[in-house]
Amino acid sequence: MACSVVALSSCSDYLDINQNPNNPITVPPATLLPSGLAGSAFSNANDLNRFASVIMSVTAGANGSPVTWDRYNTDGSDFGNQWRFEIYGGALINYQKLIEVAQTSNSNAYVGIAKIMKAYTFSIATDVWGDVPYSQALQGDANTQPRLDTQKEIYLGDNAKGIQSLFDLVKEGLADLEKTSSTTPGSDDIVYGGTIENWKKAGNTLLLKLALQISSVEPAKAKSIIDEVIQGNDFITTNAQNLAVNFGSQVGSQSPIYTYTYNSSFSTDQLISTRFVTLLQGLKDPRLPLFVTRPTGNYVTIDNGFAGTPPQAANRSMFSSYVTGENGEGPVRLITNWQRAFILAESAIRLGTAGDAQKLYEEGIRTSMASAGISDADISAYFTANPTVVTLAGSNEEKIKQIITQKYISLYGNGLEQWNDWRRTGYPTLAQHQNAVGVDGTRPVRARYIDQEIARNPNFPNNILQNVRVWWDVN
Amino acid sequence: MKKLLFFTFLMLFGWIAQAQDRIVTGTVTASEDGAPIPGVTVVVKGSNTGTNTDAKGTYRLTLPANGTTLVFSAVGFGRKEEEINGRTTIDVVLQSSVESLNEVVVTAQGIERDTRSLGYATQNVNGSALAQRSEPNVLNTLQGKVAGVNITSSSGAPGASTNINIRGITSFNGSNQPLVVVDGIIFNNDVDNSQNTLFGSQPSSRLADISPESIESINVLKGPAASVLYGSRASAGVIVITTKSGKGLNGKTEVTFNSSVNWQNVAYLPKLQNQYGQGTQNNYVNNSTNSWGPAFGTPGFETVQNFRGETVPYRAYPNNIRDFYKTGTMFQNALNIAGGDQNNNFAATISSTIQNGVVRESDFDRHSVQVGGNSKLKNGIKLGGTITYVKSAQKNTLMGNGGSAFGQITRIPRSYDLVNTPYLDPLTGEDFYFVNGQNHPLWSIQNTFFNSNVDRVFGNLSVGYDITNWLNVSYRVTADTYTDNRKQIQRVGAARAPQGQIDEDLRFRSELNGDLLINAKKNDLFVQGLNANLLLGQNLNQRSYRESGVISESLAIPGFDNVGVGSVFTKSYASTNRRRLVGHYGQLSLDYKSYLFLELSGRVDQSSTLPKEQNAYFYPSAALSFVPLEAFNVKTEAVSYLKVRGNIARVGRDADPYRLQSFFTSATFGNNVADITFPLNVGGTSLPGFQPDGRIGSTNLKPEFVNSFEVGLNVGFFNNRLGVDFTYFNTRSTSQIFNVAISNSSGYDTRTTNIGEMQNKGIELQLSATPIRTSSFKWDVLLNFTRIRNKVVAISEGVNNSNITGDSFSGIAPSIAVGYPYGVIIGTANARTESGELLVNPNTGLFVPGIAGQVISNPQKDWVAGLTNNFSYKGFTLSALVDVNKGGQLYSFSQVDMRNAGQTEITGVDRNQPRILPGVILNADGTTRPNNIQISAQSYWQSLGGLASQGAVFDATAYRLREVALNYALPSSLLSRTPFGNISIGVSGRNLWMYAPGFPSDPEINTQGAGNIQGLDLNGIPTTRNYGVNLRVTF
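Chains as they are written, first to last, in the numbering used here: chain A, 2 to 476; chain B, -2 to 1032.
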């Protein structure tokens, strides 16, 4: 009580105690990068992955939300946490702040990584929900009700409306990586440990992924981007260069897939689908035992949409350590070497870009198998024994079906990319789930806008159900 | 302190009196038992000459020349006037006040006032109406007894918090709980929810640290005009509590001993069906939480194989849920020693409450020691002070819809013998339970729980001095401080933390106040009969809060509940929160001939939480009271008293600390599916990570204001045997400091700003009557009625609704919405045609998907009423309170769970008959046809709505026999040869009967505890019925 009746002049000091001692007003780039990267990994691999893996018949619902999703039901109360706290209020605002903070200190390496990852994370938002806030998003107070940019505008940009394309955002990030940087990341980069060369490869490979995504609706644009990247010849070519986010082995540091598979009350919600096991068994695929656990020695799975009594939790076949890490380390693989190979294989056929589709197809299968822990010798043996699987044949459409089917297997654990490919190409061919309801009995082709945004931002339409296709989904 | 002030006034009265030769003496006794009343104020009407009675109820007063009438008044008794008419001995009998027409009450800043002078409504509740009521929580004992006040206890868990709102909700974001003042000490009543309120425990609201038995009286200051002297924090009203003291014992020493024992049982569990067992679609399924299995007695289902492969009988266990609960007990003991005289007195109290709840392993213990005293020193300085130490300990199981006992107890099949089925794995200490990933409820309550250990000290010290006979100065320092050592334990095997988790959390809170009070008095100001009193004050206030804690997981030693046995420390945190306020206030009270009163008040506050350049704000009030019968000297038999009053007031309120800036916070990601917390341990390196906090600050915050006006009428009929107290009030809350929800695509969740407008209009009615009064029998009736209409008038440009700060499930958002009352739930409403018919999907016969973002539930009650009947016959007194909470809606997970699972009684009726959902099917041409698609009973009941749907909304109307108390005081003739002064014994019961037409259970449940989010039953603990016996002895 420093301020008394006789010393009222000291009152201004007495009252000057409103500086927050608990939270900083500004933070260095090295503390924003790991949280941003972890946020992107959660965006991809937490609830949206649970959803996408179920509707892609990789996992099947035994309880809770996955049971609902298995029947193609979803509504605006799904994925509110993802939109609010992992995507926009998570990774994206982190990258936005990282760009601002790093630019003031000329930490261009951080700026470049943030822009590439910002583009990647925005692509999740638009691929899942279609038209979303983009050019007016992340402005805080300056725009509390951003407009929705169309998915076409987000992918292609629109100068008149001040919308930068995702491609240009990635390229800007790549350009920043070429500049000298006052500080560079180290262990705070939980993807590459600070190797900027790998970030350049990741950025270029992201361009390939984004381009292929629009290849059905904008083939010329897709081709020009892919041509450009092939020309530049600086993309992911080894498994070690995968854009994969590393987690830790301790509770609270673990990959979300590990946590929801093994260490959460939601771990009994889903198990591996019988359909996925059957698919790999049919292909005699050696990755099956490495991908899927067998606590009883056999595959204990259920069919999608199954309405009976699910097997005992302890006996169930689940995501293996290939997806979760031995103790939750992950990694969460966002963009991989084999994904790049399959992209280029499809592009060679679909768009006529450079490269031998067959070789790229084989490379995709080989690198995926290697990543799962299969020796080169065993891979070669598999190739020898299964020529029809590893050889593209038939019409272009049939070849693309082959490519995407193998890509689907190799993307195991990344439900969003499997769903993206399936929506774009219709492959792999997936049978209807049992007891399917949905809007009209069809598999969801988008997520519904979250309830909170509909309530908070009048720009959001309230009537777009999960059976309405997004812009690039014309197949 | 108020005692000191009281004495100060007495001294003033005494000294201003001039030497006269006329002297009056007499004795004041109580009408009920003829006992002398000490401490009665005796004043010569129209002057400031006065005194008060001593321990024997006698007084002696020197009359001024113009004195013709004496006015007698005392706290808890009616006011009485006696014309002197030359008498020298005037004995007076006072009646204990039926209703506050004419009594002395403690108002803001401890000032004692005659209610007739008040231009605003207050309501006084005597301690005897609170004690020995089978209820250890003071706020709960006030239920139904005060008009204008809504009180909701959050559950039947021991020590659970209680929500109280006076005259509705006036702030979008700030606390709407009233300020609590105990013996002049600003007393913290916060809940400090530590964990996510959707899953966790129910910590106490800290008024739980006061025992009802220690209370002399409670005065409720309802509107801003009544509370303006307390400043910003009183905008939600004030509860002024006076504890028992030695005042008025004059020379005597009295020892009082109170003791009671009570029992508690779980009350009003919903009725359940007993025809169908575990399973779904008429099939037995041994790990299903449903009771949609085959009917009992179906051939082939005499026995079934349970989830562990054992063959068990397939039959109903009608009491499987009820047997989960036990009979709770509650022991309360208190010893009070008081003595002294008017100038020098002391009081000491030791009290203890030990409660074991109806949920096993839940308890609440409270022990306190209080000492206090007042003294007038030889040099004229008056000193007074009290100090109290309280130790409270609470243990409760965790609640919530996932991974808690109460998330499971609503999903137990009718054929599952919950309590008698072995559930403990002797090898691992973990449990056997038929639901994968969940715990057996008994295991949960033994192994997932929350402990709170509070050590609290509060006290005050005041010094006063009369500078002249018209000027008094005093200074008062009060302090209230506590530590709350909390521990939340989830042992290895717990559903939410399979590897175990311990959250060790230490909280510290303190509040210091220094108040300078200068009081000046002048009689016959300008004109004869106009008395003026001027009060000037300064308040310095500091509130601090500190919290530090650590969470450890992967517990290495199962069952050893120390945070150190964790192998991973997932979170450690420390935060400090401090605010200060400087207030200056003044109050001018004018009294013209005791029938016209005007009071003008004003206060300027400067707050540390507002921007420096605009941190000061002023707010005034004016209150007028007129007693026309007195003014026009009219007295009729029928109308014995009449007062009209009105006031207009404004109260400003500052922000919470640190709202001005945006900042960063240590990063976390995920939800209850999966989550991480930074620092992140990757490859053996611990990496700190930050993220922008979800709230955007504002450097331009201004104070928020509540403007109000109030008019009222007090009428007494038939010598005040029938009294009416009617109030109409209208408050308008403006420029609310609120964290407005903004589009999350902005990167943020909320923005702090001044916005909006909210309105409360209400009426309060108190009727008091004494229908029968004979020398030995008396019947008193007291009716309280409250009706408040709250409306959110505006939020901000383009924003029609916004979430209330706090935890909520997706799609069940407690919100403010324009045009609706505060706190409505926004969620998914059923899709309907334009004419309001429900739409049904022609393919399935089920409802089509709902529409998000709709107001689906309104927790605000239509009206609240409480009717108390008191009967006294010789030594017996019987008191019964019935109350009604009409309207308001409750959003209940529990009932949806039980309905969807086919447990509730109605789901067993005609189960084998197909059903048709009410609604219509849309034809291709836009017309509709009635739904005619038959579905099974299971589909029917389940399609009425899941957890996040309109089907979870129920009418919360409840009629209740809130409490009954019967006491017998032994006749004094029996005790005259014993050392005992009084002996009384009694029985009491609480929540004895309840009728809720729209809800299958007791709707008085509020899982998120005291606070702005109300009307949610998210798998909470049910209410209890209490009954017990008590004993009170004085000697």
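Hints listed in this document are in silico derivations from the structure and should not be mistaken for laboratory results.
Fair warning: this is a prediction, and the values are worked out from it, not measured in the lab.
Cβ atoms here follow ideal geometry from the backbone N, Cα and C, with glycine treated the same way.
There's no promise every hint is true.
Claimed, not checked - Derived coverage of chain A by chain B (criterion: at least 3 residues anywhere in the stretch with Cβ under 8 Å from a Cβ of chain B; other residues may be distant):
(1) 19 to 25
(2) 76 to 90
(3) 144 to 150
(4) 186 to 198
(5) 219 to 233
(6) 309 to 323
(7) 445 to 459
Here is how each hint holds up against the structure:
1. 19 to 25: The restraint on the stretch 19 to 25 of chain A holds, since 7 of its residues have a Cβ under 8 Å from chain B and three suffice.
2. 76 to 90: That given contact holds, which follows from 12 residues of the stretch 76 to 90 of chain A lying within Cβ reach (below 8 Å) of chain B.
3. 144 to 150: holds (count 4)
4. 186 to 198: holds (count 3)
5. 219 to 233: violated (count 0)
6. 309 to 323: holds (count 5)
7. 445 to 459: Holds, because 9 residues of the stretch 445 to 459 of chain A bring their Cβ atoms closer than 8 Å to Cβ atoms of chain B.
Against the hints set out earlier in the document, a violation occurs for number 5 only.
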